Amino acid sequence: MLKILKYSIFDLLRSRWSYVYFFFYLSLGFVLLFLNSDINKAIITLMNIIIVLTPLIGTIFGVMYYYNSKEFTELLLAQPIKRSKIFMGQYLGIALSLTLSLFIGLGIPFVFYGLFKSAAIFDFSLLILVGIFLNFIFVALAYNIALSTENKIKGFGYAILMWLFLAVIYDGFFMISLILFNAYPLDKFSLVATMFNPIDLSRILILLKLDISALLGYTGAVFKDFFGTAIGFIFSILILFLWVFIPVLRMKFKLKMKDF
Amino acid sequence: MNAFIPIFSPKNFIKNEVKLFLIFLLFLLTIQINSQTKTIQVCTTCDVKTIKKAITLANDRDTIFVKKGIYKETKIYINKGIHLIGEDFPVIDAENKTDSVFAIKADNFSISGFKIKNVGMSYTKEIAGIFVSHSNNFVIKNNRMENVFYGFILQRTKYGLLSNNKIIGEFKTEATSGNGFHLWKCENMRIEKNIVSGMRDGIYLEFVTNSHISNNTSANNIRYGLHFMFSHKNEYHHNEFKKNGAGVAVMFSKFIKMHHNTFHYNWGTASYGLLLKEINDAEIVDNIFEQNTIGINIDGCNRINYKNNHFIRNGWALKFTGGCYTNIFEYNNFMHNAFDLSYNSRLNDNKFEANYWSEYNGYDIDKNGIGDIAHRPVKLFSYVVNKTPETLVLLRSLFVDIINFSEKVSPVFTPNNLKDNKPLMKPINPL
Amino acid sequence: MIQIKNLHKKFGRLTVLDGLDLEIDKGGVFAILGPNGSGKTTLIKCLLGMVIPNKGSIFIDNQSILKKWNYRNNLNYLPQIANFPTNLSVKELINMVKNLRPKKANEKELIGLFGLKPFLNKKLRNLSGGTKQKVNLVLTFMFDSELIILDEPTTGLDPIALIHLKKQIQKEKENGKTILITTHIMSVVDEIADEIVFLLDGKIYFKGSVDALKKQTKQNNLEHAIAELMM
Numbered sequence: 001m002l003k004i005l006k007y008s009i010f011d012l013l014r015s016r017w018s019y020v021y022f023f024f025y026l027s028l029g030f031v032l033l034f035l036n037s038d039i040n041k042a043i044i045t046l047m048n049i050i051i052v053l054t055p056l057i058g059t060i061f062g063v064m065y066y067y068n069s070k071e072f073t074e075l076l077l078a079q080p081i082k083r084s085k086i087f088m089g090q091y092l093g094i095a096l097s098l099t100l101s102l103f104i105g106l107g108i109p110f111v112f113y114g115l116f117k118s119a120a121i122f123d124f125s126l127l128i129l130v131g132i133f134l135n136f137i138f139v140a141l142a143y144n145i146a147l148s149t150e151n152k153i154k155g156f157g158y159a160i161l162m163w164l165f166l167a168v169i170y171d172g173f174f175m176i177s178l179i180l181f182n183a184y185p186l187d188k189f190s191l192v193a194t195m196f197n198p199i200d201l202s203r204i205l206i207l208l209k210l211d212i213s214a215l216l217g218y219t220g221a222v223f224k225d226f227f228g229t230a231i232g233f234i235f236s237i238l239i240l241f242l243w244v245f246i247p248v249l250r251m252k253f254k255l256k257m258k259d260f
Numbered sequence: 001m002n003a004f005i006p007i008f009s010p011k012n013f014i015k016n017e018v019k020l021f022l023i024f025l026l027f028l029l030t031i032q033i034n035s036q037t038k039t040i041q042v043c044t045t046c047d048v049k050t051i052k053k054a055i056t057l058a059n060d061r062d063t064i065f066v067k068k069g070i071y072k073e074t075k076i077y078i079n080k081g082i083h084l085i086g087e088d089f090p091v092i093d094a095e096n097k098t099d100s101v102f103a104i105k106a107d108n109f110s111i112s113g114f115k116i117k118n119v120g121m122s123y124t125k126e127i128a129g130i131f132v133s134h135s136n137n138f139v140i141k142n143n144r145m146e147n148v149f150y151g152f153i154l155q156r157t158k159y160g161l162l163s164n165n166k167i168i169g170e171f172k173t174e175a176t177s178g179n180g181f182h183l184w185k186c187e188n189m190r191i192e193k194n195i196v197s198g199m200r201d202g203i204y205l206e207f208v209t210n211s212h213i214s215n216n217t218s219a220n221n222i223r224y225g226l227h228f229m230f231s232h233k234n235e236y237h238h239n240e241f242k243k244n245g246a247g248v249a250v251m252f253s254k255f256i257k258m259h260h261n262t263f264h265y266n267w268g269t270a271s272y273g274l275l276l277k278e279i280n281d282a283e284i285v286d287n288i289f290e291q292n293t294i295g296i297n298i299d300g301c302n303r304i305n306y307k308n309n310h311f312i313r314n315g316w317a318l319k320f321t322g323g324c325y326t327n328i329f330e331y332n333n334f335m336h337n338a339f340d341l342s343y344n345s346r347l348n349d350n351k352f353e354a355n356y357w358s359e360y361n362g363y364d365i366d367k368n369g370i371g372d373i374a375h376r377p378v379k380l381f382s383y384v385v386n387k388t389p390e391t392l393v394l395l396r397s398l399f400v401d402i403i404n405f406s407e408k409v410s411p412v413f414t415p416n417n418l419k420d421n422k423p424l425m426k427p428i429n430p431l
Numbered sequence: 001m002i003q004i005k006n007l008h009k010k011f012g013r014l015t016v017l018d019g020l021d022l023e024i025d026k027g028g029v030f031a032i033l034g035p036n037g038s039g040k041t042t043l044i045k046c047l048l049g050m051v052i053p054n055k056g057s058i059f060i061d062n063q064s065i066l067k068k069w070n071y072r073n074n075l076n077y078l079p080q081i082a083n084f085p086t087n088l089s090v091k092e093l094i095n096m097v098k099n100l101r102p103k104k105a106n107e108k109e110l111i112g113l114f115g116l117k118p119f120l121n122k123k124l125r126n127l128s129g130g131t132k133q134k135v136n137l138v139l140t141f142m143f144d145s146e147l148i149i150l151d152e153p154t155t156g157l158d159p160i161a162l163i164h165l166k167k168q169i170q171k172e173k174e175n176g177k178t179i180l181i182t183t184h185i186m187s188v189v190d191e192i193a194d195e196i197v198f199l200l201d202g203k204i205y206f207k208g209s210v211d212a213l214k215k216q217t218k219q220n221n222l223e224h225a226i227a228e229l230m231m
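Chains as they are written, first to last, in this note's numbering: chain A, 1 to 260; chain B, 1 to 431; chain C, 1 to 231.
Hints listed in this document are in silico derivations from the structure and should not be mistaken for laboratory results. It cannot be assumed that every hint is accurate.
Stated by the list, open to error - Simulated restraints on C-beta separations: (1) A:F23 <-> B:E235: 43 to 49 angstroms; (2) A:K252 <-> C:S64: 27 to 33 angstroms; (3) A:I234 <-> B:F405: 32 to 38 angstroms; (4) B:F405 <-> A:R14: 38 to 44 angstroms; (5) B:P415 <-> A:K252: 31 to 37 angstroms; (6) A:F23 <-> C:K5: 54 to 60 angstroms; (7) A:N182 <-> B:S345: 30 to 36 angstroms; (8) B:E235 <-> A:N182: 32 to 38 angstroms; (9) A:F23 <-> B:D286: 40 to 46 angstroms; (10) A:F23 <-> C:L162: 24 to 30 angstroms; (11) C:L14 <-> A:F122: 53 to 59 angstroms; (12) C:G129 <-> B:V409: 51 to 57 angstroms.
Since the model is a prediction, treat every value here as computed from it, not as a measurement. We treat Cβ as the ideally placed atom computed from N, Cα and C, and that holds for glycine.
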């Protein structure tokens, strides 16, 4: 697996798109930090970008890599290597190379800015952590979609739909159902609904740090326990791990019966 | 004695600075010592072993020095204009008895340098470390209190100075704890440089007029850091209110000036930096509201000028909950609040002009420092959250951004005329 | 060498292999033929473990290979379409495959044979189809394995390379290797195949030598013989 991982990373690090992604984050970081020099604003803007864009990029890279390297994967499948190792290697390769782009791309401008002296280091680390989780989650989801869809165009379509659903549509339904069932106690429902969407979950994780003053304005006792203590943070991280773990597990399961 | 009355007459007092007052006090003391006054020493090995005994021996203008030690006394009545000075913080331990330690009804007295502890709790009586009533012209300073039911209770007093006192409560429940400073029907009081924490209300004022509250720190109190009821023409400034259960409440009062205060980290469901209820004709200037659940909750307040305030990373910077008319908000900074403004009605009679909004994304082509398009500080999402509070979990999601944007383009739910026509491009006096 | 018993494979509703039985002895070149969609590629992929059969068993050297992967160490496979990671150079690709397979490789000789030396440092994305196929061939033949499976090996090759390929196959055969080959070029089959395995409707329709096939169909020409089988 490590060999496959090594070659996938090697391959991706030479890909033009990795650099586009890297330079995007690099310039974003510099623009945000040096053009308005308000670190709080930069962090908020970055959060908006990370929770929307990282999943999109992860999804696209995931399906793209899968379909583009399909024939090569077949060559690998004929080698004496276990199936799951090939795909886990590729999966980790993509997720890690995306993580690297994100980490270095944003890290450089922040280091230049003097992040390590500023109090925003925690906010920044949290953003990066969430970005890494989203990379791993969405590449895994994309691989699941690609593994289940032979047709490349369809696979792309489903992947983009999945992203659109989780990034926007889900929240739309979420909000509408909250408004419709206004008369019932909804705090448990809304927390559970948040857990079922990794983007919402990541957003909440950042909000716990960024907007805790607002979140604590809500009356429900469940909310209060969740947001007001470390439970919320620890629980969210655990669920994010599950969000990586379950798609990977399904990937392995799917691979056992998949024909190439 | 007569010679001093004009100096301490009500007319002049309010104009004098505190320092001046202290100098005069010192002056007064020296004169007293030089004239036919006496001093009494109290200590465990002295002739006079209790404070009570010393007071019975003393006359007006006498000074009692209490040496370091532990004095287990309560119900110390003072009805003379004497000066009670603790040396190296003698401890007065009330041993949880349900009586006030000092009960004072006198003019021209002073108490300083004591440490008062273990004053018992009662559901029926008002018991304090120092209880003052019907008194004028006094100074209470440099005292410390620990584990007291109420710290100070003052009733019907005038021209009193409370300074540099420190009250540390033990975070009990709201019902079983009293206030740090509890003032009722007082005039021309000064409460300065005190520290209060862990009490019910840090400072509680009811029917108090013409008073100054300044440079105090009121933190971690169970209910309000400062609580103001029916108290007109007061001024409070340079205070810090931090992590109080419900922040600061100013209610049913007129002509209040609030400036240079800091309100921060007041988190919770009913927690405000500042709660204004039925306040008219006030000035709120140069304050900092940082990371409160609600910066200012404004309920039925009219003709208030808000100027040069900083609202930073609050849940709601301003939340209007009742009819509010002709308030003016200008030259304030609204930075990174989850919601800058929450409005309860579709009508607006308040003026927002020339504020800095960190969310403003207009442009300034003519480079005059003022954005060329107006800013609408009320978001549709704040309206949704008002109706359905659970939707708060969707804060800062892409979907919410989209609906906010569409509302901005064509306002349906938010007041059409609620906008800042001259949004500033740069924050005012950045912190 | 290979025993396949009662092999079934369906893709959705489409039955591709329908109770296929096949035995292949050690040594020799076996041409797997059949019309489009007869299940040639599926059969090969079952052997490689890339397609998982619904039913049936496959043994190589008396060992069941289903859900195993170690046996592939003794198997070389040439895939039909050669598509490699575009960012790698030829040399890197060869080194990578060598790295993945802990076995001695004689790629140098093959690189010389197919004239790939000038391309070694070129990126794969810049190579023509034919050159890619040559790289593909190098990757396949550079390991010494008992079983060699070639799926349409002649695609895109120029005549010289084709001659080299045939020679290479001949050489491996002489070394006692078992070679399975699918192709549509009958001349190649005629030239190098010892036995023909003809698939139709997911079953073995004919298995025997080229001569036996010609005899059975009463045709002198192999192409016509095959056509006769299909009808």
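We went through each hint and held it up to the structure:
1. For A:F23 paired with B:E235, a C-beta distance near 56 angstroms fails the hint of 43 to 49 angstroms.
2. Distance hint check: the CB atoms of A:K252 and C:S64 are about 22 angstroms apart, inconsistent with the given range 27 to 33 angstroms.
3. For A:I234 and B:F405, the Cβ-Cβ distance of about 34 angstroms falls inside the hinted range of 32 to 38 angstroms, so the restraint holds.
4. Hint check: B:F405 to A:R14, Cβ distance near 39 angstroms, so the stated range 38 to 44 angstroms holds.
5. For B:P415 and A:K252, the Cβ-Cβ distance of about 56 angstroms falls outside the hinted range of 31 to 37 angstroms, so the restraint is violated.
6. At roughly 57 angstroms, the beta-carbon separation of A:F23 and C:K5 lies within the given 54 to 60 angstroms, and the hint holds.
7. Between A:N182 and B:S345, the C-beta spacing of about 20 angstroms breaks the proposed range 30 to 36 angstroms.
8. Between B:E235 and A:N182 the CB atoms are about 44 angstroms apart, so this pair departs from the stated range of 32 to 38 angstroms.
9. Hint check: A:F23 to B:D286, Cβ distance near 44 angstroms, so the stated range 40 to 46 angstroms holds.
10. The given range of 24 to 30 angstroms is broken by A:F23 and C:L162, whose C-beta atoms sit roughly 46 angstroms from each other.
11. Checked against the given bound of 53 to 59 angstroms, the beta carbons of C:L14 and A:F122, roughly 57 angstroms apart, stay inside it.
12. For C:G129 and B:V409, the Cβ-Cβ distance of about 53 angstroms falls inside the hinted range of 51 to 57 angstroms, so the restraint holds.
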